[in-house]
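Q: Here the protein sequences come in this chain order: B and H. Count along the first sequence from 1, then add 4; that gives the number in my numbering. Count along the second sequence from 1, then add 1; that gives the number in my numbering.
Please note: incorrect hints may appear among the correct ones.
[What the hints assert, rightly or not] One side only, chain B facing chain H, incomplete, derived with CB under 10 Å: (1) Leu62; (2) Asn76; (3) Ala80; (4) Val84; (5) Thr85; (6) Lys90; (7) Leu91; (8) Gly92; (9) Phe95; (10) Phe98; (11) Phe101; (12) Val112; (13) Phe141; (14) Gln148.
Calculated directly from the structure, the hints in this document are not laboratory data. Glycine included, every Cβ here is placed at the ideal spot set by N, Cα and C.
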Amino acid sequence: MPKSHSETLIEIRHLSKSFGNHEVLKDIHFHVDRGEVVCIIGSSGSGKSTLLRCLNLLERPDGGEIIYEGKNILDAKMNVTAYRAKLGMVFQQFNLFNNLNVLDNCVVGQVQVLKRPKNQAVQTAEKYLSTVGMNQFMQARPSQLSGGQKQRVAIARGLSMEPDALLFDEPTSALDPEMVGEVLKIMKQLAESGLTMLVVTHEMQFAREVADRVVFMDDGIILEEGTPQEIFNQPKHERTRNFLKRMLNQE
Amino acid sequence: MESMSFFDWVLKLINEYWPMFLRGAENTLFIALIGTVIGFAIGILLGVIRTIPVDPSDNWLKKGILKLANILINVYVEVFRGTPMMVQAMVIYYGSPMVVGIKLNNIAAGVFIVSINTGAYMAEIVRGGIISIDKGQFEAAHAIGMSHWQTMRCIILPQVVRNILPATGNEFVINIKDTSVLAVISVSELFFQTKSVAGNNFKYFEAFTIACVMYLIMTFTVTRILRVMERKLDGPQNYDMMQSHTPDVKEVKNRA
Ligand SMILES: Nc1ncnc2c1ncn2[C@@H]1O[C@H](COP(=O)(O)OP(=O)(O)OP(=O)(O)O)[C@@H](O)[C@H]1O
Ligand SMILES: [Mg+2]
Chain B
5 MPKSHSETLI EIRHLSKSFG NHEVLKDIHF HVDRGEVVCI IGSSGSGKST
55 LLRCLNLLER PDGGEIIYEG KNILDAKMNV TAYRAKLGMV FQQFNLFNNL
105 NVLDNCVVGQ VQVLKRPKNQ AVQTAEKYLS TVGMNQFMQA RPSQLSGGQK
155 QRVAIARGLS MEPDALLFDE PTSALDPEMV GEVLKIMKQL AESGLTMLVV
205 THEMQFAREV ADRVVFMDDG IILEEGTPQE IFNQPKHERT RNFLKRMLNQ
255 E
Chain H
2 MESMSFFDWV LKLINEYWPM FLRGAENTLF IALIGTVIGF AIGILLGVIR
52 TIPVDPSDNW LKKGILKLAN ILINVYVEVF RGTPMMVQAM VIYYGSPMVV
102 GIKLNNIAAG VFIVSINTGA YMAEIVRGGI ISIDKGQFEA AHAIGMSHWQ
152 TMRCIILPQV VRNILPATGN EFVINIKDTS VLAVISVSEL FFQTKSVAGN
202 NFKYFEAFTI ACVMYLIMTF TVTRILRVME RKLDGPQNYD MMQSHTPDVK
252 EVKNRA
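Could you build all of it, start to finish, from the sequences and the hints given here?
A: Encoded structure:
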């Protein structure tokens, strides 16, 4: 299902990030178009999470630019919280708010950040909770849910903010194998609905089926990117081939 | 008279002096309760100030103020944790007219001393409580665009308060017992009242046995009430399933 994307949502230029003297991201160039699904793959420690976390400023990049709506978000004067509200994030460890029930997890950001009236926020939350099939559990607390259910609520929490894009950092890596499917299925449906998604994943099958573009990261750089077809069937680089061989053997 | 036993004396003291004992217990509870509540508020405030994140890009004024605040808070905590409350009571009660020109009434002085003392302990407890919250809770809140204060108010502090409730209850129980040191500044709490009853009758064992039982009743009751509060805050053990309607992904706005 090739889609045509033209409008760039976010563009990253010359992005760099070090922890101490360990250079984790090296002069990264990258962009995401509206409606596009980008999967980021690569071996452990290659900087995938750091890239995602720099994108919504959970980590402060050391240098470079993040261009969103024509402005560089890294300018000191930019309103960081307003920008973050435009990008949802789904974490490997779910990170649901432990003091709030399922419904309030999806309501609190709308009321506090978007200043939506409470009843409208509840309606929105209910809509997205049914999208992920969790509307029956609105009164449950996070500790009462399974991992797969938690992750579905975390996705609904992100959607409830009606962001421009949703970022996923290995959303299924902390799940028991029998729960991986239910989360991937919802992510696939979201991708088909036209949501802009940026997914760090080790699920090669998912990347192959769902991504419009696959990005292979290696040791702090984007070594290679292209359509799933290009990356999985005709990888240009030796390191990409080795990585894919390792991953596909595991599956 | 000679034939009166221990129990006869206990009953006689209760019979004749119950208003004094009761008055003492009231003051003890009042000072301990208000002192714990104010101390809790001080602890939350200082704990929050001490955990304000500093970004390297912040301006020097913010950094300077935070640094100064942290030093002052550390001094406060060290001084009040490192000296006996009895000595603090003497210094504050006799010092306040000389230093700030205010003569506190005894009960007010008692509440003041217990509050700042509890505040010093609670500041540490709250800071520990905030630090021990999983980093993911902050990150998830920041990721949906919440500010530091919104994150604190809506997500972090409710969890901290729940987690430190047992420690707070513990402080309350300690305060019920430790108000007895306020007798040195003639606060008419339970220990002080008991001492006068005992002295008037030369019946120390009997009078203080009564006080002992009264302290025990107070601390035991408070402990039970706090248990119930903890369970209330944890919410129901079960949840109700809502009426289901079919999930419909098409509802997700097409944002392409
Ligand atoms: N807060 C931090 N402090 C110091 N080093 C860090 C920090 N976060 C990440 N790193 C280091 O940066 C490198 C890249 O980490 P990152 O988490 O981005 O990798 P990743 O590609 O997401 O790996 P994985 O597949 O294991 O999640 C790693 O070597 C890691 O040890
Ligand atoms: Mg990672």
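Q: Hint by hint, note whether the structure agrees.
A: Status of the hints after comparison with the structure:
1. Leu62: Constraint on B/Leu62 satisfied, holds at 6 Å.
2. Asn76: 15 Å, violated
3. Ala80: 7 Å, holds
4. Val84: Since chain H brings a Cβ to about 9 Å from B/Val84, closer than 10 Å, the hint holds.
5. Thr85: 5 Å, holds
6. Lys90: Because about 8 Å separates B/Lys90 from the closest Cβ in chain H, which is inside the 10 Å limit, the hint holds.
7. Leu91: 8 Å, holds
8. Gly92: Check passed: Cβ of B/Gly92 comes within 7 Å of chain H, closer than 10 Å.
9. Phe95: This hint holds: B/Phe95 lies near chain H, its Cβ roughly 6 Å from the closest one there, short of 10 Å.
10. Phe98: With Cβ-Cβ at 8 Å, under 10 Å, it holds.
11. Phe101: 5 Å, holds
12. Val112: 6 Å, holds
13. Phe141: 7 Å, holds
14. Gln148: 6 Å, holds
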